[in-house]
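Novice: The chain contents come next:
4 protein chains.
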Amino acid sequence: MQLIGARLDAVEPGVVEISIPFREDLTQQDGFIHAGIVTTILDSACGYAAFTLMPAASSVLSVEFKVNLLAPAKGSTISARAEVKRAGRTLTVCSADAFADGKLCATMLGTMISR
Amino acid sequence: MQLIGARLDAVEPGVVEISIPFREDLTQQDGFIHAGIVTTILDSACGYAAFTLMPAASSVLSVEFKVNLLAPAKGSTISARAEVKRAGRTLTVCSADAFADGKLCATMLGTMISR
Amino acid sequence: MQLIGARLDAVEPGVVEISIPFREDLTQQDGFIHAGIVTTILDSACGYAAFTLMPAASSVLSVEFKVNLLAPAKGSTISARAEVKRAGRTLTVCSADAFADGKLCATMLGTMISR
Amino acid sequence: MQLIGARLDAVEPGVVEISIPFREDLTQQDGFIHAGIVTTILDSACGYAAFTLMPAASSVLSVEFKVNLLAPAKGSTISARAEVKRAGRTLTVCSADAFADGKLCATMLGTMISR
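Here the protein sequences line up with chains A, B, C and D, keeping their order. So for the first sequence, this note's numbering puts the first residue at 20; every next one is plus one. So for the second sequence, this note's numbering puts the first residue at 20; every next one is plus one. So for the third sequence, this note's numbering puts the first residue at 20; every next one is plus one. So for the fourth sequence, this note's numbering puts the first residue at 20; every next one is plus one.
Worth flagging that the hints you see were computed from the coordinates, not collected in a lab.
If several chains are the same, the list does not tell them apart, and a pair holds so long as it fits within one copy or across any two.
Quick list of in silico lysine-lysine cross-link-like pairs, PhoX-like style, CA-CA up to 20 Å:
#1 Lys-93 with Lys-122
#2 Lys-104 with Lys-122
#3 Lys-93 with Lys-104
Please construct the entire structure, taking both the sequences and the accompanying hints into account.
Specialist: Have a look at this one:
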């Protein structure tokens, strides 16, 4: 998260928003933010969202996620908004959308585990 | 769709709702509707939702989908609500939720192709 | 599984093969086996494969899966071969391929949970 | 790819291997390589693998991918091996495994598009 300069914009129970400023060195061959970086932001947002509903002493790990890349991640800010779909005792399922300057650019559905 | 007795409950541009009545022969070992049947309903809802935004002469095929099973699909009616996340020229990405008697039991994120 | 007439063809630790004979009533609008049925076979194969590596008293549930549909599921037999990628204490990850008369028609990557 | 210092280790038609040396600044809170970075390597390997089977003038984009994180990505080298499952005219489906010092740590199933 520090490598890519991410910032926590909003936190409430089950919902988290994160953003990063555009950086030249996070782009792929076409000048867009690399899919792996967009995934990192989405995954981090899902992890934090899951964490807001877990017991205080627990920590959170990603089990798996699926990402659809919907549009080039181009703009001055890339943000992600994650929401818990279902919080279980062990597993928490989250969905998240990523936006490039407010335009939907990717979406994630993922599973987190607490330990 | 006829095998499982599905019914189209609502259609608007980019959004479709489908439901099936509970049937003993669609259950797995615990008496819940089988994950494959829940997937069929979710996939059908996504396909129809994508189709509402495609040119008239086209047909729709599923490229891929991911399903999270969130709770046992148990109840008198299983319904699914699909929504287009992004409609492209070739590919359309949809998300869908399935409900057992109104309770969220599964969620899908999938990609459809028109041809 | 009984609804679709599935048969267990091979079982070894971490690997399972299942097949179903073609049936008219399992097809979609183009005469191919419906994606949901192919998913059911793949999911069942993954569940059984995971189960072969679990303690005797446990039962297995699907947490989530992703399916890519690669070719029309058309032919006299649809089979699936699932393999455990990683067996953990709680979660088991499996991959599976489906074949229509021996031709690869779909592939799954999924997560199973023991309880 | 330059940001994370990736190296192309092997290329043949439909198969590509990539690796990165461990770097402190690519880790998450537990000292393991971040899931987003592992995803970047897997996604890049899939993209290159798909590209080996595409016409010369085309370029490749990721449509979507699913990743299962199987073990902590800890070690001096993280590598990925991607393989084309099916190469179509428009869409190519790839699977890939990631290894931390040779130990399986993540697996991907994804869809690439040529344009």
